[in-house]
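Keeping their order, the protein sequence lines are chains A and B.
Here the first sequence is numbered in this note's numbering, starting from 1 and rising by one per residue.
Here the second sequence is numbered in this note's numbering, starting from 263 and rising by one per residue.
In case anyone wonders, no lab produced these hints; they're calculated from the structure.
Glycine included, every Cβ here is placed at the ideal spot set by N, Cα and C.
Do not take every clue at face value.
[As the list claims (entries may be wrong)] List of simulated lysine-lysine pairs, DSBU-like, C-alpha gap at most 30 angstroms: (1) A:K255 - A:K97; (2) B:K311 - A:K97; (3) B:K311 - A:K149; (4) B:K340 - A:K66; (5) A:K161 - A:K66; (6) B:K414 - B:K442; (7) A:K255 - B:K311; (8) B:K363 - B:K382; (9) A:K66 - B:K311.
[What the hints assert, rightly or not] Interface residues of chain B toward chain A, partial, derived using beta-carbon atoms under 8 angstroms: (10) H291; (11) L303; (12) L322; (13) Y350.
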Amino acid sequence: MKRKIDVAGEAHSEGLSFHPLQQFEVHPLFGDGPIHWYTITNATVWLLLAAICVIGVFVLGSAGRKLVPSRMQSVGELGYDFVRNMVVDVTGEDGAKYFPMVMTLFLTIVFSNILGLLPGSFSPTSHIAVTAVMGIGVFLFVTLLGLYKHGMHFLGLFWMKDAPLILRPVIAIIELISYFVRPVSHSIRLAGNIMAGHAVMKVFAAFAPMILISGIGVLVTPVSILAITAIYALEVLVAFIQAYVFTILTCVYLKDALHPGH
Amino acid sequence: MATTTTTEAATEVAHEGAKAGMPQLDPTHFANQIFWLAVTLVLIFFVLKLVALPRIGGTLATRRGTIINDLAAAEELKQKVAAAENAYNDALVSARAEAGKIVTAAKADIQLDLNAAIAKADAEISAKAEESAGRIGEIRAGAQDAISEVAKDTAGELVAALGGQSDAASITAAVNARLKG
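If we strip away everything but chain A, and leave its shape as in the complex, we get (with noise of 0.2 angstroms):
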């Protein structure tokens, strides 16, 4: 026991390093001072970076306007069907008008995403900070559209009219507590899942040169590298199912502000 300890403890100060949070750390590009609002850091140049990718392909990529398209403009075209299809399909006709918004929503964390998985990078969909902007901006906004545009109708979403009526006030306390854990669960799925791939990650990756500090890297340094592939290929792919879940729920809530009758 004695030994292992040994072990470990000599892996650790002869170059083994276990920083898998280091790469959520957010940290001011030029100089070191302390972080005001306004301070540019590296959170600030991979969301801008986002910014400037969803410009390139939706912006410069459309701007032949071919009819038979190319490949940039195929994608921003597969992306605007998508998500266009997504909002009308769950909100109705009547929401195509939040397609621009919900479109903002869905590029914003994907583009987010996928460049957080270069290595290097970060990931600004891993902050609950982040996500939770977009969550309860998106709570905000459809409760208040559908106070707006359904004023005291739209409680109707909590009382369930086909439900027998001495139960009706105990699914109305559920639903109203569902209903307002909803941005919490918006954010912190999106958060959770990110951050716990990229640590994962950085997990495999620190112990990947084990085979330079001790015998049993002959093991353990294959075995790494490997996660670490599998887990990047998985990493790809939640990239884009977050998005599209936080997407497809924005656009149910915006479903329910529209139409809260059911």
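Based on the hints, put chain B in the right spot on chain A.
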């Protein structure tokens, strides 16, 4: 051995992580992140709403319109082809009928000509036959005379040769009687 080392190391990692805390929960940079997220969202929103989405939507609508127009044009052309085919078939049928009529008329004409020609030929043949019959009669009459002449001469000579008295009148009477006979 490998797994135990891993667990030990992981425990230490977790310990360190708990000590350092998750960077996500450090509130000192919340304002910064929220501000820049807002900038990004607003930027992307207006770029999409004012430029990208109308343009892509327009392109898609134009494409849809072009496809619908092309399909309509193709449908129209198809109908034209069908109409042309029908016209062709009609023309073919009427031409066939016309040709049948012409053939019938020609046949009737030919029959008439043929009948006339046959009648003419018949008339000529019967004329020729009559003429021939006349001539045959003449020849036959000529032959009759010649035969009686020859017979008289021969009979006269035979009588003379047999040593009889050739009496021209009685020989002529005898030959005529024989010839009739």
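Structure-based check of all given hints:
1. Restraint check for K255 of chain A and K97 of chain A: the C-alpha separation of about 12 angstroms stays at or below 30 angstroms, so the hint holds.
2. Between the alpha carbons of K311 of chain B and K97 of chain A the distance comes to roughly 10 angstroms, so the proposed pair stays at or under 30 angstroms and holds.
3. Restraint check for K311 of chain B and K149 of chain A: satisfied, since their Cα atoms lie roughly 23 angstroms apart, inside the 30 angstroms limit.
4. Restraint check: the Cα-Cα separation between K340 of chain B and K66 of chain A comes to about 28 angstroms, which is no more than 30 angstroms; the hinted pair holds.
5. Using a Cα cut-off of 30 angstroms, the hinted pair K161 of chain A and K66 of chain A is violated, with the two alpha carbons roughly 51 angstroms apart.
6. This hinted pair checks out: K414 of chain B and K442 of chain B have alpha carbons roughly 14 angstroms apart, not beyond 30 angstroms.
7. Of the supplied pair hints, the one linking K255 of chain A and K311 of chain B holds, its CA atoms being roughly 21 angstroms apart against a limit of 30 angstroms.
8. Of the pairs offered as hints, the one joining K363 of chain B and K382 of chain B holds, with about 28 angstroms between alpha carbons and a cut-off of 30 angstroms not exceeded.
9. Of the pairs offered as hints, the one joining K66 of chain A and K311 of chain B holds, with about 20 angstroms between alpha carbons and a cut-off of 30 angstroms not exceeded.
10. Satisfaction of the interface hint for H291 of chain B is found here, the shortest Cβ-Cβ separation to chain A being roughly 4 angstroms, below the 8 angstroms cut-off.
11. Taken as an interface hint, L303 of chain B checks out: its beta carbon lies about 6 angstroms from the nearest beta carbon of chain A, inside 8 angstroms.
12. Because the closest C-beta pair between L322 of chain B and chain A is about 6 angstroms apart, less than 8 angstroms, the hint holds.
13. With a cut of 8 angstroms, the hint placing Y350 of chain B at the interface with chain A is violated, because the nearest CB-to-CB distance is about 36 angstroms.
Violated hints for the displayed structure, listed by number in ascending order: 5, 13.
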